[in-house]
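Q: Take a look at the letters that make up each chain.
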Amino acid sequence: MRTTSTLSLEGTGLSCIRDDRVLFEELAFELVSGQILLLEGKNGSGKTSLLRILCGFREADAGAIRWCGDRIEDSRFHAQMAYVGHLDGIKKELTVFENLKMTLALSSAGQYSIDQALSKVHLQGYDDILVQALSAGQKRRLSLARLLITANVLWILDEPFTSLDKQGIALIETLMTEHCANGGMIVLTSHHDIDLPTVDVQRINLS
Amino acid sequence: MFLSRAFFAVIRRDLVLALRRRSEIANPLLFFILVITLFPLGIGAQPHLLQAIAPGIIWVSALLAAMLSLDSLFRSDFDDGSLEQMLLSPHPTTVLVLAKIIAHWLVTGLPLLIVAPLLAVFLGMPNHSLGTLLLTLLLGTPVLSLIGAVGVALTVGLRRGGMILSLLVLPLYVPVLIFAGNAVQMAGSGLPVDAQINILIAILLMALVLAPLPVAAALKMSIS
Chain H
10 MRTTSTLSLE GTGLSCIRDD RVLFEELAFE LVSGQILLLE GKNGSGKTSL
60 LRILCGFREA DAGAIRWCGD RIEDSRFHAQ MAYVGHLDGI KKELTVFENL
110 KMTLALSSAG QYSIDQALSK VHLQGYDDIL VQALSAGQKR RLSLARLLIT
160 ANVLWILDEP FTSLDKQGIA LIETLMTEHC ANGGMIVLTS HHDIDLPTVD
210 VQRINLS
Chain C
17 MFLSRAFFAV IRRDLVLALR RRSEIANPLL FFILVITLFP LGIGAQPHLL
67 QAIAPGIIWV SALLAAMLSL DSLFRSDFDD GSLEQMLLSP HPTTVLVLAK
117 IIAHWLVTGL PLLIVAPLLA VFLGMPNHSL GTLLLTLLLG TPVLSLIGAV
167 GVALTVGLRR GGMILSLLVL PLYVPVLIFA GNAVQMAGSG LPVDAQINIL
217 IAILLMALVL APLPVAAALK MSIS
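Chains as they are written, first to last, in this note's numbering: chain H, 10 to 216; chain C, 17 to 240.
Treat the hints loosely; a few may be bogus.
Stated by the list, open to error - So, partial list: chain H residues that the calculated Cβ filter (under 7 Å) puts toward chain C: (1) Asp83; (2) Ser84; (3) Ala88; (4) Gly98.
If you're looking for bench data, these hints aren't it; they were derived computationally from the structure. Note that CB positions come from ideal geometry on N, CA and C, so glycine has one too.
So here's chain H without its partners, still in its complex pose (with noise of 0.2 Å):
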C-alpha cells in the first residue's frame, strides 16, 4: 500500500501579502504522516491563501514548499493531494454519481468505490438524484466523498464543517481519523474546534 515513512510536507520561510497588507511572514511548518495541521486565526488573516498556495493556485511571495524534498511543482504532488474548497466543484446538474465519476476520470482510483464512498458519508441511494435536489449539508459530504474515492495521501481542506450538522461533523471527524491512521495527512482551516484524541494535530495561529 502506501509508503508511509518518506513522505512530508514541508513549508519554509513563506509569506503572502495582498494589496500592501502582509497576511502572514516566514512562516515555517512541517507535516509528516499521519498528522493533522490546523490553521486557526479570524477572518481575512490569510488561512484561505495559505491553502491557495499550498494548492500551486497562487504562488507565495517569499518562501517555498516542498513535498517529501521537490518544490512541490517538480514532484507528483498534484496526483496525490486532494482539495476541498469553498466552492464544492460539484455540478448541479450532474446525478452524485456523474460528478463522483468525473472526479474519478480526473485522477486515479483510490481505496474507495463510488458506491462504498456514499455509504460512507451517509449518502447511499442518492446515486442518481440530481445534485440541485440535495441539501447544503449533504452537498458538502458528497464534495468530501470525492476525497474517498480518489488516490491521494494530503487533503487540504478548506472550512469543511461549513453548513454540516452535528452527525455530519462527527462523520468527518470520523473520517479524518481513519485517514491519519492510514498514514495520510492533512492541512484543514476551521472555526469549529476539532476533536480528535487518537491524532497528532499541529496548531499555526495565524493572527
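Knowing the structure of chain H, use the given hints to seat chain C on it.
A: This is chain C only, laid out in the frame that chain H set:
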C-alpha cells in the same frame, strides 16, 4: 490510457450538461437564424443584392453567434469550483482544456453548420457554392471556439469581462472572416477557392496546437 479517459470524460460531461441546460445550445443557434432571417426583410425586394452579400451575412452572423456563446465555456466551471478541481488534476491542463473546447464547438458550432444550408437557400445563394460554405464553416467555426477560449480564459475572473472579451477576440477573428467570406464569394462566381481553403486549414491547425497552451496558462492566472 488514463489521459484519453479523462479527455473523453470531459467531453461527455460537457455534452450532458449542455443537454440538461438546453438554452446553451438554443441561444446561439436562435441568434444565428434570427439575424439571417431579418436581413431579407431589412433589404427588401432586391434578390441580387441579397445574393451578393449572402456569404458575408452568414459568416458575420456565425461569428457573432460564436462570440455570444463564448462566455458559457468556462463560466459555470469557474463559479462552482469545477475549474479548480480540473486544474488540480494530475493530467495536463492543456489536454483537458482542449476537450472542453471541442465539446463547446460540438454544442455551439456544429448546429450552425447544420442549419446553414437552409439559410443559404433562403438568401438565394447559388447551389454550387453551398459546399464551399459548409467547408468554410467546418474549418472556421472551430477556430472561433479555439481563439475565443483564450479570451474567455483571460476574462473569466473579471466580473464584467464581456466588453473586454469582444475587444480581445474580434480582431483575431478577422482573418477567418476574410478568408472564409472570400472563399464563398469566389465559389459563387465559379472561381477556384483552394488557396483560401488551404489558409483556413492552416489557421485551424495552428489554433488547434497553439490555443490550448495560453488557455491553460490564463485559467491558472484567473483562478489565483
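Q: Evaluate each hint against the coordinates.
A: Results for each hint:
1. Asp83: violated (13 Å)
2. Ser84: violated (11 Å)
3. Ala88: With Cβ-Cβ at 4 Å, under 7 Å, it holds.
4. Gly98: holds (4 Å)
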